[in-house]
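Participant: Following the hints, position chain B against chain A.
In order, the protein sequence lines correspond to chains A and B.
Each step along the first sequence adds one to the number in my numbering, with nothing skipped, and position 142 is 142.
Numbering-wise, my numbering comes out as the position in the second sequence, counting from 1, plus 1000.
Derived from the structure by calculation, the hints contain no laboratory data.
It should be emphasised that the depicted structure is a prediction, and the values quoted were computed from it without experimental measurement.
Every clue listed holds true.
Sample of chain A residues facing chain B (criterion: CB under 8 Å; computed from the structure):
{"no.": "1", "residue": "46"}
{"no.": "2", "residue": "48"}
{"no.": "3", "residue": "96"}
No residue lacks a Cβ here, since even glycine has one placed at the ideal position from N, Cα and C.
Number of protein chains: 2
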Amino acid sequence: MKNFDLSLYLVLDANLCPSPQDMVRVTLEAVKGGCTLVQLRAPEWKKKKQLEAALLLKQALVGTGVPLLIDDHVDITLIAKADGVHVGQEDLPPNEARDILGPDAIIGLSVGSLLELNSVTDAVDYLGVGPVFSTKTKKDAGLAIGTDGLGSIVRKATLPVVAIGGINATNASSCISAGANGVAVVSAICGSDDPQKASRTIYKAAFG
Amino acid sequence: MKNFDLSLYLVLDANLCPSPQDMVRVTLEAVKGGCTLVQLRAPEWKKKKQLEAALLLKQALVGTGVPLLIDDHVDITLIAKADGVHVGQEDLPPNEARDILGPDAIIGLSVGSLLELNSVTDAVDYLGVGPVFSTKTKKDAGLAIGTDGLGSIVRKATLPVVAIGGINATNASSCISAGANGVAVVSAICGSDDPQKASRTIYKAAFG
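Excised from the complex, chain A in its bound form (with noise of 0.2 Å):
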């Protein structure tokens, strides 16, 4: 059985975390404030960079039960010995991850739209739906979807689902309350001067 906790998913990102020490530094703050589970999110690093950052935060996290996700990129996923993947829409197919990565990766899919979940296959484990609030640290995120497109979706999915998106202490229980199984913060924690405290804060916010 694949054992991952969506509660309070952390996104590191690249351009709050400016080096690979610095998302070690944030990640065990946050773990200690309460994160479940880590994604890498560095698309504007070359991928050399982004294997460092993944092997040292693999290490990092040793002993703590917080899995470590890698964004779009199978092969750093296995190089560092990560415990999975994540892949949006237009990256490489969940099922061709799950060939590569094997049964026990944990491989979540992005979701922004009932259409979106067609593309939904055997081979993911949760979903990523999102934007729920609108968001800067997302480039290429689609217009924000609101509470009531998180629901509609958690209503026609059969996985678990974590919410994405401008999620923070102020909103996260609204995404819960939709029926979320967790949420996934990217600069409420990253951009934050305490990413401890912050991550407490947001997981208490969300789960009372």
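Facilitator: Here is chain B on its own, set in the frame of chain A:
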């Protein structure tokens, strides 16, 4: 024994060939004109589109004996069953690519200076050396090293070398004279109205 011929190495450019279908058309014409190796380089495209192009190109090249290499992405190379990968100094390390792709894959490494020769390992099969002349098709290419720079790297290199960067029919022979085994061409073929004729003309200019 690995079998590849660097003589006339076509690098498909996503800006000059805006669709996977354009890439297939240019490739088939170039192969008729004497092209011996093809690389897919489309960093501007999301990986789903790059994979689509790789699969179409691999299929189009069946029976031609011309190998297909993928720029940067080991995962796409694996999924598309391409013949190998070309990596730069800031991409995934050649040794990691070799571990994933196995002994039969062709692995190329970009080298732009004598210092960068230090990054060559047993995992590498050939070197892409340049930019020899100034180029507009690769945004992150360094300053042109000229045929003198090319020659100095060729003399120290223990692997076959393909020259790259601003190469066309007027300067191809100077690269071969400087010791390169072949020339890699981007815009002089991809940007030509007649890629077959352009390939034949460059091949003749380079090798007589």
